[in-house]
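Novice: All chains should be built: construct the whole structure from the sequences, respecting the hints.
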Amino acid sequence: MPTLAIAGGTSASLGRAIITAVISSEQSFWNIVILSRNMSAPLWLRAIDKDGTRAQIYAINYHSVDSLAAALKGVHTVVSVTSAVDGSQAKIQINLLEAAVKAGCKRFAPAQWGFGPLGSENISVLKWANEGVWDACVKHKDKIESAKFNIGSFMNYIGHGMYPIPSPTSNEETMLRQLAAGKGYATGEDEACQGLQRQGDLKDDSGAFLVGLRNGVAELPQTEDGRWPRISMTSLRDVGRFMAASLDLPEWEEDMTMVGDTLTMGELLAHAEAVTGKKFQVDVIKPRDLEMKLGETVQDDFMGLMWAEFKLAYTRDLEDEVVLQPVVNRLCPTVIPMSARQYMENYWSNV
Numbered sequence: 001m002p003t004l005a006i007a008g009g010t011s012a013s014l015g016r017a018i019i020t021a022v023i024s025s026e027q028s029f030w031n032i033v034i035l036s037r038n039m040s041a042p043l044w045l046r047a048i049d050k051d052g053t054r055a056q057i058y059a060i061n062y063h064s065v066d067s068l069a070a071a072l073k074g075v076h077t078v079v080s081v082t083s084a085v086d087g088s089q090a091k092i093q094i095n096l097l098e099a100a101v102k103a104g105c106k107r108f109a110p111a112q113w114g115f116g117p118l119g120s121e122n123i124s125v126l127k128w129a130n131e132g133v134w135d136a137c138v139k140h141k142d143k144i145e146s147a148k149f150n151i152g153s154f155m156n157y158i159g160h161g162m163y164p165i166p167s168p169t170s171n172e173e174t175m176l177r178q179l180a181a182g183k184g185y186a187t188g189e190d191e192a193c194q195g196l197q198r199q200g201d202l203k204d205d206s207g208a209f210l211v212g213l214r215n216g217v218a219e220l221p222q223t224e225d226g227r228w229p230r231i232s233m234t235s236l237r238d239v240g241r242f243m244a245a246s247l248d249l250p251e252w253e254e255d256m257t258m259v260g261d262t263l264t265m266g267e268l269l270a271h272a273e274a275v276t277g278k279k280f281q282v283d284v285i286k287p288r289d290l291e292m293k294l295g296e297t298v299q300d301d302f303m304g305l306m307w308a309e310f311k312l313a314y315t316r317d318l319e320d321e322v323v324l325q326p327v328v329n330r331l332c333p334t335v336i337p338m339s340a341r342q343y344m345e346n347y348w349s350n351v
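Just so we're aligned: 306 in UniProt numbering is position 306 of the sequence shown, and the numbers increase by one with no gaps anywhere.
Treat the hints as calculated values from the structure; they're not laboratory data. A virtual CB, placed ideally from N, CA and C, is assigned to each residue, including glycine. Fair warning: there could be bad hints in the mix.
Okay, derived cross-link-like pairs now, DMTMM-like style, lysine to aspartate or glutamate, Cα gap no bigger than 25 Å in a straight line [claimed, not checked]:
hint	residue 1	residue 2
1	K91	D301
2	K278	E173
3	K278	D204
4	K139	D320
Here are the simulated distance ranges between beta carbons [as the list claims (entries may be wrong)]:
hint	residue 1	residue 2	range
5	V282	S124	25 to 33 Å
6	K102	E224	45 to 53 Å
7	K143	Q342	35 to 43 Å
8	V138	A70	21 to 29 Å
Specialist: Structure follows, in C-alpha cells:
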C-alpha cells in the first residue's frame with residue numbers, strides 16, 4: 001500500500017478530517033504517517049485506530065530538512081496542514097517540500113487550505129503563510145508534483161452559533177466511546193464544528209462568523225452598489241473526503257479547488273432564518289466601512305485584520321478569490337459535499 005504523510009496531522013481540524021476520511025473509506029488503501037512535534041496521539045485518533053495499525057506518529061523537527069527527509073523515506077504523498085503562528089509557516093512548507101524531494105516522494109500539497117488562487121495575492125494576512133512557497137514548488141516541478149488545495153471558507157463557522165459556551169465535557173472513556181461511534185467525531189458541537197476554533201468575530205461572542213444561529217444575529221458584507229456578494233464554503237469533513245479521493249487520482253491539477261456550496265450572502269441569511277424560524281438582526285457592512293476598520297485596526301491584531309480583510313474580499317465578489325471553481329468536485333464525482341442549507345438543517349436539528 002502507498003503511504004501518505006500528513007504534516008501537522010494530529011490537529012483536531014484538517015488533520016482529523018483527512019485521516020478519518022482515509023481510514024473510513026472502503027476504497028482507500030493508504031498507510032498513514034503523521035509528522036508532529038510530539039508523539040502524543042489525540043483521543044480522536046485513538047478512537048478510530050485503537051491498535052495503531054493505520055497511522056504512525058513520527059516526532060520531527062520542522063526546521064531540519066534532514067529530520068523531515070528521514071521521516072518521509074518511502075512516502076508517496078506529503079500533505080501539510082501545519083499552522084505555525086510564530087512566523088515560520090512558509091519556511092516549514094519549503095522545508096517539507098525540500099525534504100520530500102530529498103526522500104524521493106512523488107506528490108506534495110502545501111498548507112494552502114483557503115481562498116482561491118487569487119486569495120494569497122490579494123489578501124495580505126494570507127501572505128505570511130504562503131510567501132515563496134509556490135515559487136519553490138514550481139522550482140522543483142521536475143522532481144515532484146505539487147498542488148494547492150483551495151477550499152474557500154470553512155462552513156463550520158456556522159456551527160459556533162448553535163451551541164452554548166462553554167461546551168460540556170466528558171471523561172476520557174466516554175469521549176473515546178463517542179468518538180469511536182462517530183468515526184472520529186463526538187455528537188454535538190464536535191461533530192458540527194469539526195475542530196474549528198471559536199475565532200469568529202460576531203458581536204454575540206459565540207465565535208461564529210457571518211451568521212450566528214442560536215442568537216439570530218448576522219454581520220454580512222455587501223458590494224458598494226448594495227448587492228449580496230457570493231461565498232464558496234466547504235465543511236471540514238468534506239475537505240477530508242475530497243482529499244482522500246484525490247489521493248487516488250492519476251494526476252493533480254495545479255489548483256485542486258473544492259467547493260461544498262457557492263451561494264450569496266443573502267441566500268445564506270435566508271437559509272439561516274428558514275431553518276431556525278427566527279428573524280435575524282442583521283448588520284450590513286460595506287467596502288468603505290471595512291476599509292475604515294482596517295485603517296483603525298492595530299497591526300498586531302492579526303485576527304481583527306483577518307476578518308476585516310476577508311469581508312472586504314467578499315465585497316469584491318471575484319472568481320478564483322472567494323468564488324471558487326469546483327475542480328476536485330469534477331475529478332472526484334463520487335464525493336457529494338454538504339450544502340450550507342443541509343449543514344444548518346443537519347446540526348441545528350440536534351441542538
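Novice: Going back to the hint list, which numbers does this structure go against?
Specialist: Number 2 - this is the single hint that the structure violates.
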